[in-house]
Amino acid sequence: MKKTAPVNKIIPFSNVDGPGNRTSIFFQGCSLECLFCHNPETIRLCRHCGACVPVCPAHALRESGGRVVWNPSACVQCDACLKACPHLASPRVREMTAEEVFAEIRRTAPYIDGITVSGGECSLRHAFLQELFPMVHSLGKTCLMDSNGSLDYRQFPALLSECDGVMLDIKAVDLQWCRTLLGNDGRMPLANLDFLLQAGRLQEVRTVIFPGFPEENGRTVRYVAERIGDRCDYKIIRYRPFGVRPDGIRLLGDECTAQEDAEAYAALARSLGASRARVI
Amino acid sequence: MSEALKIIQDPTLTYHQELLALARLGESTDDSLRYSDEYYEAKRRGALCDLNEGVMPYRPRYICPDYDLLFEKGCDFLQLDPPEDLAEALNVLEIFYCHVPSITSFPVYLGDLDRLLEPFVVKEDRAYAKKLLRLFLRNIDRVQTDSFVHADIGPEDSVTGRILLELTEEMQLAVPNLTLKYDPDRTSDDFALACIRCMLKTAKPSFANHRMFVGEWGEKYAIASCYNGLSIGGGGFTLPRLRLYECSLGARDIEDFLSRELPRHIDLQLEYMDKRVRFIVEQSTFFRTNFLVTEGFVHQEKFTGMFGVVGLAECCNHLLGITDVHQGFGMNPEATALGKRIMDAIEERVANHTAPYCDAYGHRYRLHAQVGIDSDGMDDSPGTRIPIGAEPPMLQQLEVNEMFHPYFPTGTGDIFKFEETYLKTPEAILPIIKGSLARGLRYFSGYLENNDVVRVTGYLVKKSEIEKLRQKKQSLNNVTVFGMGAQDGGHALDRRVQHHEENSACQ
Numbered sequence: 001m002k003k004t005a006p007v008n009k010i011i012p013f014s015n016v017d018g019p020g021n022r023t024s025i026f027f028q029g030c031s032l033e034c035l036f037c038h039n040p041e042t043i044r045l046c047r048h049c050g051a052c053v054p055v056c057p058a059h060a061l062r063e064s065g066g067r068v069v070w071n072p073s074a075c076v077q078c079d080a081c082l083k084a085c086p087h088l089a090s091p092r093v094r095e096m097t098a099e100e101v102f103a104e105i106r107r108t109a110p111y112i113d114g115i116t117v118s119g120g121e122c123s124l125r126h127a128f129l130q131e132l133f134p135m136v137h138s139l140g141k142t143c144l145m146d147s148n149g150s151l152d153y154r155q156f157p158a159l160l161s162e163c164d165g166v167m168l169d170i171k172a173v174d175l176q177w178c179r180t181l182l183g184n185d186g187r188m189p190l191a192n193l194d195f196l197l198q199a200g201r202l203q204e205v206r207t208v209i210f211p212g213f214p215e216e217n218g219r220t221v222r223y224v225a226e227r228i229g230d231r232c233d234y235k236i237i238r239y240r241p242f243g244v245r246p247d248g249i250r251l252l253g254d255e256c257t258a259q260e261d262a263e264a265y266a267a268l269a270r271s272l273g274a275s276r277a278r279v280i
Numbered sequence: 281m282s283e284a285l286k287i288i289q290d291p292t293l294t295y296h297q298e299l300l301a302l303a304r305l306g307e308s309t310d311d312s313l314r315y316s317d318e319y320y321e322a323k324r325r326g327a328l329c330d331l332n333e334g335v336m337p338y339r340p341r342y343i344c345p346d347y348d349l350l351f352e353k354g355c356d357f358l359q360l361d362p363p364e365d366l367a368e369a370l371n372v373l374e375i376f377y378c379h380v381p382s383i384t385s386f387p388v389y390l391g392d393l394d395r396l397l398e399p400f401v402v403k404e405d406r407a408y409a410k411k412l413l414r415l416f417l418r419n420i421d422r423v424q425t426d427s428f429v430h431a432d433i434g435p436e437d438s439v440t441g442r443i444l445l446e447l448t449e450e451m452q453l454a455v456p457n458l459t460l461k462y463d464p465d466r467t468s469d470d471f472a473l474a475c476i477r478c479m480l481k482t483a484k485p486s487f488a489n490h491r492m493f494v495g496e497w498g499e500k501y502a503i504a505s506c507y508n509g510l511s512i513g514g515g516g517f518t519l520p521r522l523r524l525y526e527c528s529l530g531a532r533d534i535e536d537f538l539s540r541e542l543p544r545h546i547d548l549q550l551e552y553m554d555k556r557v558r559f560i561v562e563q564s565t566f567f568r569t570n571f572l573v574t575e576g577f578v579h580q581e582k583f584t585g586m587f588g589v590v591g592l593a594e595c596c597n598h599l600l601g602i603t604d605v606h607q608g609f610g611m612n613p614e615a616t617a618l619g620k621r622i623m624d625a626i627e628e629r630v631a632n633h634t635a636p637y638c639d640a641y642g643h644r645y646r647l648h649a650q651v652g653i654d655s656d657g658m659d660d661s662p663g664t665r666i667p668i669g670a671e672p673p674m675l676q677q678l679e680v681n682e683m684f685h686p687y688f689p690t691g692t693g694d695i696f697k698f699e700e701t702y703l704k705t706p707e708a709i710l711p712i713i714k715g716s717l718a719r720g721l722r723y724f725s726g727y728l729e730n731n732d733v734v735r736v737t738g739y740l741v742k743k744s745e746i747e748k749l750r751q752k753k754q755s756l757n758n759v760t761v762f763g764m765g766a767q768d769g770g771h772a773l774d775r776r777v778q779h780h781e782e783n784s785a786c787q
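Protein chains in written order, with this note's numbering: chain A, 1 to 280; chain B, 281 to 787.
Treat the hints as calculated values from the structure; they're not laboratory data.
There could be a bad hint or two in this list.
Below, computed lysine-lysine pairings styled on DSS-like, alpha-carbon distance capped at 27 Å [as the list claims (entries may be wrong)]:
hint	chain 1	residue 1	chain 2	residue 2
1	A	K235	A	K141
2	B	K714	A	K9
3	B	K704	A	K9
4	B	K286	B	K752
5	A	K141	B	K714
6	B	K410	B	K714
7	B	K753	B	K743
8	A	K235	B	K752
9	B	K704	A	K235
10	B	K286	B	K403
11	A	K141	B	K704
Here are a few chain A residues that sit away from chain B, every Cβ distance over 10 Å (derived from the structure) [stated by the list, open to error]:
hint	residue
12	R107
13	Y111
14	D113
Owing to the predicted nature of the structure, the values given are computational and were not obtained by experimental measurement.
The C-beta atom is built at its ideal place from N, Cα and C for all residues, glycine as well.
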């Protein structure tokens, strides 16, 4: 049987998922449950509980043989199903083979620099990507991974040889802060940071700055800046409360990080040698 | 109240706008140029439109003088010697422009400014050259007060091109319209990106498919007026248009349209064009006495007639009984395929017609996707464009454009409105332009939402100037009033915005 992967969405043209114009493929399912995730409906796979079916105003969802079935052509993208989901999932997911995903990329290929796979967490789909990336390379397009780094990249040498770069999130570095934010000890992304730098596969690092946590923010930014130097881009991102779950809002608040605060961390990173640090 | 009295009592008209309106009124008192009864009947039904060109053409509609020749030998009639430095070159151009007629009485082609001026610019201190060019652009904006005034740059990078981009951004003027002749082999990515940044902020330059135009016209072609491809040293005699939606109203079905109504209307428009072209060449004095002709700045044989069409989308939707535009032409493969059949039929019939004069083009007229006028409302979309408000996502819109743009050597184009994040990522737009031009797109325009200078259908206006007219104040630019009409009647400023979607799962 062909390998498939759950695809939440394919955006034909994106200017915010890596350099140039890229087709972005968002997989469903994440390895983390970050408190500040702003697309929490991509975290888990659908359990087919049916809670979303009655709330759909367009009758685009139905239950059939114990499964929730989504009809994309009837869907009006109102997100009522996502709000009703008790499991941080979405019924609007297509199980696709690499060939099917590639068929959509073939259409956008004349207009793009490459593709970016994102999520959820794309590295969960490593076997699928190992099939997809060579197809994309055959069109002369690049393949980037947008990843939380929670899986051990040392285990995927074949995939890495087909991947043009990883855009890695370093969300936190202290043990306690990692447990609070990410729900685990947060060691693996740090190991991956070193490994990907060494392997020449680190495209960029991203860190979200939280309002009201200057010590935690400072430690993360210093850690990353000292390691990466000028070897890759460092994107400083402002926390935004949109889509964040109530638990996250309780801890992190309902206001965006001020632009000038974010700029100060970018300046800090640059002062430590991360010359390519900037706020996006 | 007489028409003349209405004109002179209209508080929104400037003196020159009154003068032009009165001249048009005077022209309309003659009826020596007559057409068949069937032509007048089709015109009354709105199936044919003469774009208010006037009943007695006394000059070709569009004139593209050979400015290289002007710089090489000067102009006897205007007593201008060949310029020897930048100040002289700009002065020569400013004077010459005032003597280039057109349908609007303003020059629709100002030259390939970077190529023309580069030898003079590089001899000057850059800051001084920029100052002179700033005054030159100010002169054009205040003297040639019409958004159909158009200048070209490219394909190569140049000091002059860079300065013009800087000034375009700094001055935020609607005039002149500006096109980059873009060839990925000759235009550096760096220059193309500078043009994209400028385009986002000022709605210009647009990107013309240089290879495509060179293939049709040779190296010496102009992009004039909105986006019109024409020969340098030539131009366009006349531009009437088939309003395809109205043409389709009398058809019983698709086959009846293709076999009877469409050919009938094409022939009526050809009859109209033939008579006008003959009149301009044989009756008016332009091609006998005007200094542009007698001194060789234009050649009659390099002019052609422009066969215009509008409303292909509405025509297809009507013939297929589609009432929801969101399910129609551009979205619906059946409607789009019908559009191709119709364009193939128009192209073939026009190509089989032997036109008077038009010697340089085998006595053939060339097709033009007319960009619409304010009175079209929502009945006929510009050329072969997808109706505003029903545009599909950009990928699909490009694919549809690529199918239709090759039909129109005398011009077509489409406009994309981008949201703010693209200002930081112009390199995300360049591959879109490269890809679509390689696949048959002829002309790409873009602008950022929330700009003051915006592209209405092919021309530029300032939203702040439209506001002046609404308050019954005068606007110096003759075209602002068209922009207001297109905004009110055609919702031309409400086109789909290309948004990046906020989708990264981790913030």
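Comparing the hints with the structure gives:
1. A:K235 x A:K141: Holds: K235 of chain A and K141 of chain A sit about 23 Å apart, inside 27 Å.
2. B:K714 x A:K9: Judged against 27 Å, a Cα distance of about 26 Å means the pair holds.
3. B:K704 x A:K9: Status holds; Cα separation ~24 Å.
4. B:K286 x B:K752: The hint holds at about 15 Å.
5. A:K141 x B:K714: holds (15 Å)
6. B:K410 x B:K714: violated (30 Å)
7. B:K753 x B:K743: Answer holds: K753 of chain B to K743 of chain B is near 14 Å, not above 27 Å.
8. A:K235 x B:K752: Roughly 50 Å separates the two Cα atoms, so the pair is violated.
9. B:K704 x A:K235: Holds, at roughly 14 Å.
10. B:K286 x B:K403: Given that 27 Å is the threshold and the Cα spacing comes to 52 Å, the pair is violated.
11. A:K141 x B:K704: holds (22 Å)
12. R107: violated (7 Å)
13. Y111: violated (4 Å)
14. D113: The assertion about D113 of chain A is violated, with a minimum of 6 Å to chain B.
When the structure is compared with the earlier hints, violations turn up for hints 6, 8, 10, 12, 13 and 14 and for no others.
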